[in-house]
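Engineer: Listed here are the chains, written in short residue letters.
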Amino acid sequence: KQEVTQIPAALSVPEGENLVLNCSFTDSAIYNLQWFRQDPGKGLTSLLLIQSSQREQTSGRLNASLDKSSGRSTLYIAASQPGDSATYLCAVLMLTGYSTLTFGKGTMLLVSP
Amino acid sequence: GAGVSQTPSNKVTEKGKYVELRCDPISGHTALYWYRQSLGQGPEFLIYFQGTGAADDSGLPNDRFFAVRPEGSVSTLKIQRTERGDSAVYLCASRPQGSGANVLTFGAGSRLTVL
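So the protein sequences, as listed, match chains A and B.
Okay, so the first sequence: first residue is 88 according to the numbering used here, each after it adds one.
Okay, so the second sequence: first residue is 15 according to the numbering used here, each after it adds one.
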């Protein structure tokens, strides 16, 4: 059974810092990996999707990398802003099954002004 | 509608009661998913519908949980004899036919509190 782990569980940084969120998964037979953002009382917003054949994806200040063989992904946030404060979730889609996502527990990020 | 709509947004009930949670997917989306997110946890898969039928219900925790989608659009998650451990946010997501699971659009969720 696939297990997804996210470290750290919580992170507090001052505005302007660059930061890295980590995600690991136990079964490397993934189809792709996705990073989501979750704000309190809101649904999940997809940030970046990395196919299993890709090494990284970038969107604005966000960069996600994938090392499938070692079962790891990182989300890099450059020049953090208070508006980045949210919970960030990592999810993997397996090669088999009914296209369901397996999520980590998330990293709760607080960026202070 | 423009997005996935879930009602109620908040539901407080007593242990042992019956609860229904509703999901209105994006119009035309054939696939619909239910997830449950407990406090401090990531969303956990409950059930997946393709059209009117449940293609995968392997995530339903026990027989107190049941979901329907009779006309292939709106879905209702039903929980019988609620227990305190059922307290969580129940998320619904939908996607169009033919797309991968990652083109999911999530609703804001229904927060269930069982006293």
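These are calculated hints, taken from the structure and not from any lab test.
You may find that some hints are simply not true.
Listed below are the simulated DSBU-like cross-link pairs for lysine-lysine, each with C-alpha atoms no more than 35 Å apart in a straight line [claimed, not checked]:
1) Lys29/B <-> Lys92/B
2) Lys192/A <-> Lys31/B
3) Lys129/A <-> Lys92/B
4) Lys129/A <-> Lys155/A
5) Lys25/B <-> Lys92/B
6) Lys155/A <-> Lys88/A
7) Lys25/B <-> Lys155/A
8) Lys129/A <-> Lys192/A
9) Lys88/A <-> Lys129/A
10) Lys155/A <-> Lys31/B
11) Lys31/B <-> Lys92/B
12) Lys155/A <-> Lys29/B
13) Lys31/B <-> Lys88/A
14) Lys29/B <-> Lys129/A
15) Lys192/A <-> Lys92/B
16) Lys29/B <-> Lys88/A
17) Lys25/B <-> Lys88/A
18) Lys155/A <-> Lys192/A
Have a look at the derived ranges for each label pair, beta carbon to beta carbon [claimed, not checked]:
19) Arg78/B <-> Lys88/A: 18 to 26 Å
20) Ala166/A <-> Gln94/B: 47 to 55 Å
21) Leu106/A <-> Gly86/B: 16 to 24 Å
Everything numeric in this text was worked out from a predicted model, so none of it was measured.
Ideal placement from N, C-alpha and C gives every residue a C-beta, glycine not left out.
Engineer: Looking back at the numbered hints, which does the structure fail to meet, lowest number first?
Structural biologist: Structure breaks hints 7, 10, 12, 21.
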